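Peer 1: Chain Y is fixed; fit chains X, Z, H and P onto it per the hints.
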Amino acid sequence: MKTQFDFTDFDHGAAPGIEHDELINLPGGNAPTKVTCIDYSPGNVSIQEIDDLGDFVARHRPEWSVVRWISVVGLSDMTAVHALATKYDLHPLAIEDVLNGRQRPKVESYGGEESEFLARLLIVARILRIQDGNLLHGQLSIFLGHNTVLTFQNDSGDLWNPVLQRIKSKGSRLRDNDASFLAYSLLDTVIDGSFPILENFSDRAEELETLILERSHPKILGDVHRLKRGLLLLHWVTWPMREVVQTLQRDPHECMSDTARVYLRDLYDHVVQIIDIVETYREIASDLTETYMSSVSNRMNEIMKVLTLIGTIFIPLTFLAGVYGMNFRYIPELDLHWAYPAFWMICTLLIAVMLLYFRRRNWL
Amino acid sequence: MKTQFDFTDFDHGAAPGIEHDELINLPGGNAPTKVTCIDYSPGNVSIQEIDDLGDFVARHRPEWSVVRWISVVGLSDMTAVHALATKYDLHPLAIEDVLNGRQRPKVESYGGEESEFLARLLIVARILRIQDGNLLHGQLSIFLGHNTVLTFQNDSGDLWNPVLQRIKSKGSRLRDNDASFLAYSLLDTVIDGSFPILENFSDRAEELETLILERSHPKILGDVHRLKRGLLLLHWVTWPMREVVQTLQRDPHECMSDTARVYLRDLYDHVVQIIDIVETYREIASDLTETYMSSVSNRMNEIMKVLTLIGTIFIPLTFLAGVYGMNFRYIPELDLHWAYPAFWMICTLLIAVMLLYFRRRNWL
Amino acid sequence: MKTQFDFTDFDHGAAPGIEHDELINLPGGNAPTKVTCIDYSPGNVSIQEIDDLGDFVARHRPEWSVVRWISVVGLSDMTAVHALATKYDLHPLAIEDVLNGRQRPKVESYGGEESEFLARLLIVARILRIQDGNLLHGQLSIFLGHNTVLTFQNDSGDLWNPVLQRIKSKGSRLRDNDASFLAYSLLDTVIDGSFPILENFSDRAEELETLILERSHPKILGDVHRLKRGLLLLHWVTWPMREVVQTLQRDPHECMSDTARVYLRDLYDHVVQIIDIVETYREIASDLTETYMSSVSNRMNEIMKVLTLIGTIFIPLTFLAGVYGMNFRYIPELDLHWAYPAFWMICTLLIAVMLLYFRRRNWL
Amino acid sequence: MKTQFDFTDFDHGAAPGIEHDELINLPGGNAPTKVTCIDYSPGNVSIQEIDDLGDFVARHRPEWSVVRWISVVGLSDMTAVHALATKYDLHPLAIEDVLNGRQRPKVESYGGEESEFLARLLIVARILRIQDGNLLHGQLSIFLGHNTVLTFQNDSGDLWNPVLQRIKSKGSRLRDNDASFLAYSLLDTVIDGSFPILENFSDRAEELETLILERSHPKILGDVHRLKRGLLLLHWVTWPMREVVQTLQRDPHECMSDTARVYLRDLYDHVVQIIDIVETYREIASDLTETYMSSVSNRMNEIMKVLTLIGTIFIPLTFLAGVYGMNFRYIPELDLHWAYPAFWMICTLLIAVMLLYFRRRNWL
Amino acid sequence: MKTQFDFTDFDHGAAPGIEHDELINLPGGNAPTKVTCIDYSPGNVSIQEIDDLGDFVARHRPEWSVVRWISVVGLSDMTAVHALATKYDLHPLAIEDVLNGRQRPKVESYGGEESEFLARLLIVARILRIQDGNLLHGQLSIFLGHNTVLTFQNDSGDLWNPVLQRIKSKGSRLRDNDASFLAYSLLDTVIDGSFPILENFSDRAEELETLILERSHPKILGDVHRLKRGLLLLHWVTWPMREVVQTLQRDPHECMSDTARVYLRDLYDHVVQIIDIVETYREIASDLTETYMSSVSNRMNEIMKVLTLIGTIFIPLTFLAGVYGMNFRYIPELDLHWAYPAFWMICTLLIAVMLLYFRRRNWL
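Residue numbers (the working numbering), protein chains in the order written: chain Y, 1 to 364; chain X, 1 to 364; chain Z, 1 to 364; chain H, 1 to 364; chain P, 1 to 364.
A couple of the hints might just be wrong.
Note: identical chains are not told apart, hence a pair may lie in one copy or across any two.
Claimed, not checked - Derived pair list, reagent style EDC-like, types lysine to aspartate or glutamate, alpha-carbon separation capped at 20 angstroms:
1. Lys-168 x Asp-178
2. Lys-219 x Glu-206
3. Lys-87 x Glu-199
4. Lys-228 x Asp-266
5. Lys-228 x Glu-283
6. Lys-170 x Asp-287
7. Lys-170 x Glu-199
8. Lys-305 x Glu-214
9. Lys-219 x Asp-55
Hints in this document: simulated from the structure, not taken from any laboratory.
Since we're looking at a predicted model, the values are computed, not measured.
Pulled out of the complex, with its shape left as it was, chain Y reads as follows (with noise of 0.2 angstroms):
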């Protein structure tokens, strides 16, 4: 099997450039695999767990089946991969994308060939979720045939259960339609989980803001590159995406029905609003930044400032009590008896003159 799909030559181990940080990949590369089967048609709907795959593969789809699903979720278990691989007769390079995971979002066609299924369209998507205050990001491969998906991933799949809901309920858009709608309700639920993601930084960037307002903290500048490689990361996702979206929508092809492409043409315009907050939020990110540095330079500003007027009242005073503190024999105010007191006096002034000129410099 292995030379057949002769993954080894391949070991590309690319590293995206985020994640040095708290952005750590989905877990789940040691994850067991769990390989789910779903059928539907509009009257009937069958989910079942599959454990014997060998089992699986050999038998038949049942008659009524209009869409199959096949969902596995943990890429550790290689053997599963190659015995879908070779059932759907995957193209040694899509496997490779799948497996490689780090995969930037992509469609790819694999056509031609007259095999009788063979998932003819490679969609590659990033999932992503937040978890401890930190942005996880996987990937998430499809498969598109005429009458079946097949979706690898490497986190659990909680994410689907809103989608596996709608299957179950009859009559739903999605249990009526065929398997491209499938595919786009998927990329529909991958996509619309930004949205949370990005109230979440929108919270953390207006908590920043007034965090900086209140004091100037290294750490605060730590949260504030912080968020902003968040949305470098949600930028490098989303970006390709579009383009992903746009392909689908736009390129006619075989296994993509004309209701998909509508809903297609709206899953556009949520990616195309994603990229737009984004931006946005990484201008305002930026902004912060430069809030911090002029936020810094002020504290010092009003620092300094006391330190002047403190100084600048004060040295000269000091001079003057030194002047009357040295122990020359001749020195004729010292026996004045109202020298004291006018000492005082003239401090007294001095001050006052010295309050006077700050203020009408703006200082006070």
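Peer 2: Same frame as chain Y, but now just chains X, Z, H and P:
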């Protein structure tokens, strides 16, 4: 009815990135729904508020009506929206866009299906308004058919008063033209509404610049940032608007008359002009932050100069005074008669030298 | 007449974003309207100021006139504008553009309708002028027909003196060519008018750089910002001008002769050259702000160095002097004969060590 | 021979802009030239080092050889290069590109001339390698014919070991395919070689960020700049590489098999991924400088706070002490019994007030 | 003659934006005009300086001359320019471009008119040269006909020595080719002349970086800005050059042979390489300013640290000394025998504590 439109499937909840501060959406989500029906022809006008929508939907349109405009203000009453959607056979995705309320400006064509009316063109625009110093924005959805226009919005409909005025005045260009000209007039009203906002921003920018050159306060920087965000919102609203108008003007569409298309060219000029101004103001706002920063630096410089001046002059003198305040038994100078005046002379000399030095270094 | 042009419908009042400072529109909104009619052919020239426009509009054009140029300077007299608009059958939207006065440069073609003349091409350009150190800009609207040119502008018409000179001198290229060549010549005059402005800016930039390296004053930064805004205005005026000239040169138009098109290619080169220079100056102006900032920092550094020098040397010495000024009964040093000279020696030594240290750290 | 290739005509000596620091070209200009000839077919392999090139050129190629790869490592021996150039009829400009050594990545087609072999495709790529912390880069020139591949490079050929391994192992995909697949494999090896470099950069960036938050030293900034330049070099190398792969993949070429083209699509994905990562890192590196600057500002703030605290507290107190150190004859307080403890109490009080004030301003 | 070319009509006087500093135009406006005529064929060469242009224009060209190159150096003698313009029937606008001297690089085709020769292609390039540390630039105008090349330039013609050398040497590629190959060779010489300039800039950048890390002086920043402007000029000169070469290479033209076109592809690579390097250096120069700024900040930090150290240690001690210098009658400590040594111990202790504190905060 709900199954038919199936809204729950598409609960996107997109939070546009800019309102986390003062930029609140236009209120109206809970405003009562007010439906107004305006029929007009070159010869006749009839404006009626619809209370019983069921009855209205059942009735026929008068024979003489060349253009019918149904304006829905306030989207809280879902049954009203659905009644109209059913009557005019609107696409479910379009209805979603209407209710979403956070849509980017766009134009979408839902053609092909051979229904009686079917608004074949959906134009989404955003209404901007300044209220109590805050920039509010809401969504306007325009459905355009052959001789019917439907508008949905959350905001109060005062905006349309000048348009209604022109509809009422016999012989006006609007009255003599078709539905697409009405759609143009509505868009024109929305877009030209940006000009007073830009003037408001211009005044604010000027004010801030004057303030910045006078004093540096973190509050001012906050104001600059608020200005920047307002411009970001305008940018976010106007750029896609350009595409919308361009598409409407360039791509021929069955519902769009030649006259309207010529006027849309003019509208396009306005949008481009607004974009130009917005981008210009964004550069100016960027410069404001820069000015703020260097104004802070300048002030710091001033402050430090004063401290340095005072310090540099008096610290050495204080040392000298300290020297002759020492209690060593054998300090020959102490007994000299002219020592005290000499001390003062030396001090004066030192001060003069210092001041000269500072003047030469351009610090005074 | 008003109903026919229906101006009130389109009161846009766009405020271009750049004049909130010194960049005032060219005056002339209330200047008296002066209409001049120039007829010329290779053999004949006639220049007449029109006082009675009603009479003029009724009269026929002389047989020999190859090109007729009607120049309207000052747009306060609406009836004059309307009389010409009616006579030459101008499109209402075009008239609006003329009166708006804040139009972006553009070219628009109003073809198709089979009227006698109908200026089929409207070219809007902006005239720039420096007056008392302020950059003023006004609008020039050129209507081009087969053998007629109409120009509308607010500014005084001194600008056209060289053009008139060439019309008057027999055998000049302008005199021997058609109306489109006149339109080209007018545009050429307007565009080449930017070069002296750029030279003025170049001088200002040079001056400012010298000033910045000498002293740092907020006023200088204000001047830099004024320069930047002037360049922003030029940018705003010149970029769309490029499109205008390119469109005129590339798209064939019935009113545009081949000769004029060849010369427009040359004009296009000039516009591109101006754009290049403007962008270059904008980079230089950006660098000026940067230089200002670092020049301020440098000066601050200088100042702090002096304070630190003085402080670091004298503060410890003052402490020492203070020590021997203490009134403790038992300070053995006080009674030593050589204590005072020793004190001075220690001071001198300390100063020398300090200076050496500073020199080694490159602070002197 | 010299006349034929006429190199002296084209002595360009282009210095790529990035190596003025540590980014030295790969050594090898004076390395001895080593020519290796690899012949293979699905059934056979022969690898021979060529010592006597004259003899080799004269000999015929074995019948069974499907692909012949001649690898030239070290370009000091001009006669070897010329011998091969003559044998395979390479275009003089192509030879120049090979020897120039500082060529941008590009693909060029020299078709049309009906010679026996003529490498019709020249692909220039750049090899990157990190050695002793320095990023080195060298040029790889690949000539592709119908069943022959020629490679020229300066660097040692260790890079190709995995490729050779695959050629030697029977049944590998490389062994079973044609010359264009070999060319693809070479490019793939070169491009995937960037991933470990990117990981190295990622580690460096992380390290630098930790350092910056700890202390600020000019050396760190130097390291950031070195990182930036490395990324600039990667940017400079990868962007044109994208074009190269895209051209190879998209434009059909007689020498490029369909299989290779499919794999090139995969390679294209890798290049785009690398570009994405490089751009991301460049943004991160930019942020590092920013962090450095604000970290310096923060530290300055800390320092100034301490000085201000000490100064503001003790300067007034020193003045007070100075006052009672004056030698005026008539200072009533001096004789009071409780004056000294009162002085200390006043001092304590003043200090307490100051500290309270500082706490309220958030300086402590 | 003047009427025919009518220069006065087009006195543009464009000042390219970059020379307001050291970037002076190449001298030569008042240099004497030197006309050289070079005729060559594979077999023959004749180089003659033309003194009597009238006579030369009247004479016939030798039969054997395959390529005639007339090089005009120095444009002060207008009659010479006009004589050649008449002889070769050059377009008046082209002549203007030649004399203008500040033209952007461009290529223009004046085809169609069926004259004997008519240089149908005008190529304008800019010659760069470093003289006394200043970057000078001048204009080169090349007219290309079927077998004739005319060049006009202000600068001394030393530049062409290598080209002339190759023309003189029998069998060189240049000698065996046609006029378009000569034009290519001239452009190649001009473009490759940028490489030594770039190396000079590279050295300057390296030097500046070393200086910046050593000391901060405004003069250094001035040098960085000069470097930046030089790069701006190169940018300004090279970008349009790319278009020029691309146009020449891509668009077939009757005067451009296939051979020359192949070589132009190579030239295009060089231009792109120069652009790459220029852009890279511009980034590096931007980084230099940044480094300067943070190096200044760092130094300020160092300085402030020293002041703070000294101040924080000695200001409290001075206060203490001041306390015991007070003349209160009842200060119990003054009479204690061990008070003075105790004072010193306290001082030492305080200093030790301070130093420890500073060390813990990483200030030492």
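Peer 1: For each hint, tell me whether it holds in the structure or not.
Peer 2: Tested hints:
1. Lys-168 x Asp-178: Within. Shortest intra-copy distance 15 angstroms satisfies the 20 angstroms Cα cut-off; inter-copy 48 angstroms does not.
2. Lys-219 x Glu-206: Both: 16 angstroms inside a copy, 16 angstroms across copies.
3. Lys-87 x Glu-199: neither (42 angstroms within a copy, 37 angstroms between copies)
4. Lys-228 x Asp-266: For Lys-228 and Asp-266, the Cα distance exceeds 20 angstroms both inside one copy (28 angstroms) and across copies (30 angstroms).
5. Lys-228 x Glu-283: both (10 angstroms within a copy, 10 angstroms between copies)
6. Lys-170 x Asp-287: neither (50 angstroms within a copy, 52 angstroms between copies)
7. Lys-170 x Glu-199: neither (33 angstroms within a copy, 50 angstroms between copies)
8. Lys-305 x Glu-214: Both. Shortest intra-copy (19 angstroms) and inter-copy (16 angstroms) distances satisfy the 20 angstroms Cα cut-off.
9. Lys-219 x Asp-55: neither (56 angstroms within a copy, 64 angstroms between copies)
Consistency with the previously given hints fails for numbers 3, 4, 6, 7, 9, ordered from lowest to highest.
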